[in-house]
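S.K.: Sequence:
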Amino acid sequence: LVLLLCSTLFIMVTVSLRELNQKTAEVMARVERGESLEITRNGRRIATIVPSGPHPLEQLLASGLVSVVATRNDLTFEIEENVEGSRGLDAILDDRYGAGRW
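Throughout, the working numbering is defined as the position within the sequence shown, counted from one, plus 5.
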């Protein structure tokens, strides 16, 4: 398959489904290097594998349109000791709704 776009020659390489199945790591390494591949079954195109660009959120972060408020590493949890022998669920419910209110 050869497409002519804006005076630029674009060639889509064809890989059979069998080759993809038998040489998955090699085929995906080609995609990682920037190659776009057309996958065929019995000579008929069934899929196209293209290199992934940056994640949309990464682009928004880089542009400054969004910012990170917290990361998983920023989250901390305090664990209180079990007071007066109460069970764990009782302590959680007391904390959420007030002692004896649930």
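Since the hints were made in silico from the structure, they are not lab data.
Glycine residues also receive a C-beta, built at the ideal position from the N, C-alpha and C atoms.
Please note: incorrect hints may appear among the correct ones.
[What the hints assert, rightly or not] Below, a list of computed lysine to any residue pairs in the SDA-like style, where the Cα atoms sit at most 25 Å apart:
no. : residue 1 : residue 2
1   : Lys28     : Pro56
2   : Lys28     : Ile54
3   : Lys28     : Ile51
4   : Lys28     : Thr45
5   : Lys28     : Asn47
6   : Lys28     : Glu40
7   : Lys28     : Arg38
8   : Lys28     : Arg49
9   : Lys28     : Leu65
10  : Lys28     : Thr53
11  : Lys28     : Ala52
12  : Lys28     : Gly48
13  : Lys28     : Ser57
14  : Lys28     : Glu43
15  : Lys28     : Val55
16  : Lys28     : Arg50
17  : Lys28     : Arg46
[Claimed, not checked] Quick list of simulated restraints, FRET-style, between CB atoms:
no. : residue 1 : residue 2 : range
18  : Leu66     : Ile16     : 17 to 25 Å
19  : Val18     : Glu63     : 26 to 34 Å
20  : Tyr102    : Leu62     : 35 to 43 Å
21  : Val74     : Arg101    : 37 to 45 Å
22  : Val71     : Asn47     : 40 to 48 Å
23  : Arg50     : Arg101    : 55 to 63 Å
24  : Leu66     : Arg35     : 57 to 65 Å
S.K.: Each of the hints needs a verdict: does it hold here or not?
M.R.: Outcome of the hint check:
no.: 1; hint: Lys28 with Pro56; result: 17 Å, holds
no.: 2; hint: Lys28 with Ile54; result: 14 Å, holds
no.: 3; hint: Lys28 with Ile51; result: 18 Å, holds
no.: 4; hint: Lys28 with Thr45; result: 14 Å, holds
no.: 5; hint: Lys28 with Asn47; result: 17 Å, holds
no.: 6; hint: Lys28 with Glu40; result: 15 Å, holds
no.: 7; hint: Lys28 with Arg38; result: 16 Å, holds
no.: 8; hint: Lys28 with Arg49; result: 19 Å, holds
no.: 9; hint: Lys28 with Leu65; result: 35 Å, violated
no.: 10; hint: Lys28 with Thr53; result: 16 Å, holds
no.: 11; hint: Lys28 with Ala52; result: 16 Å, holds
no.: 12; hint: Lys28 with Gly48; result: 18 Å, holds
no.: 13; hint: Lys28 with Ser57; result: 20 Å, holds
no.: 14; hint: Lys28 with Glu43; result: 15 Å, holds
no.: 15; hint: Lys28 with Val55; result: 17 Å, holds
no.: 16; hint: Lys28 with Arg50; result: 18 Å, holds
no.: 17; hint: Lys28 with Arg46; result: 15 Å, holds
no.: 18; hint: Leu66 with Ile16: 17 to 25 Å; result: 34 Å, violated
no.: 19; hint: Val18 with Glu63: 26 to 34 Å; result: 28 Å, holds
no.: 20; hint: Tyr102 with Leu62: 35 to 43 Å; result: 36 Å, holds
no.: 21; hint: Val74 with Arg101: 37 to 45 Å; result: 24 Å, violated
no.: 22; hint: Val71 with Asn47: 40 to 48 Å; result: 46 Å, holds
no.: 23; hint: Arg50 with Arg101: 55 to 63 Å; result: 56 Å, holds
no.: 24; hint: Leu66 with Arg35: 57 to 65 Å; result: 29 Å, violated
Violation of the numbered hints given earlier is confined to hints 9, 18, 21 and 24; the remaining hints are satisfied by the structure.
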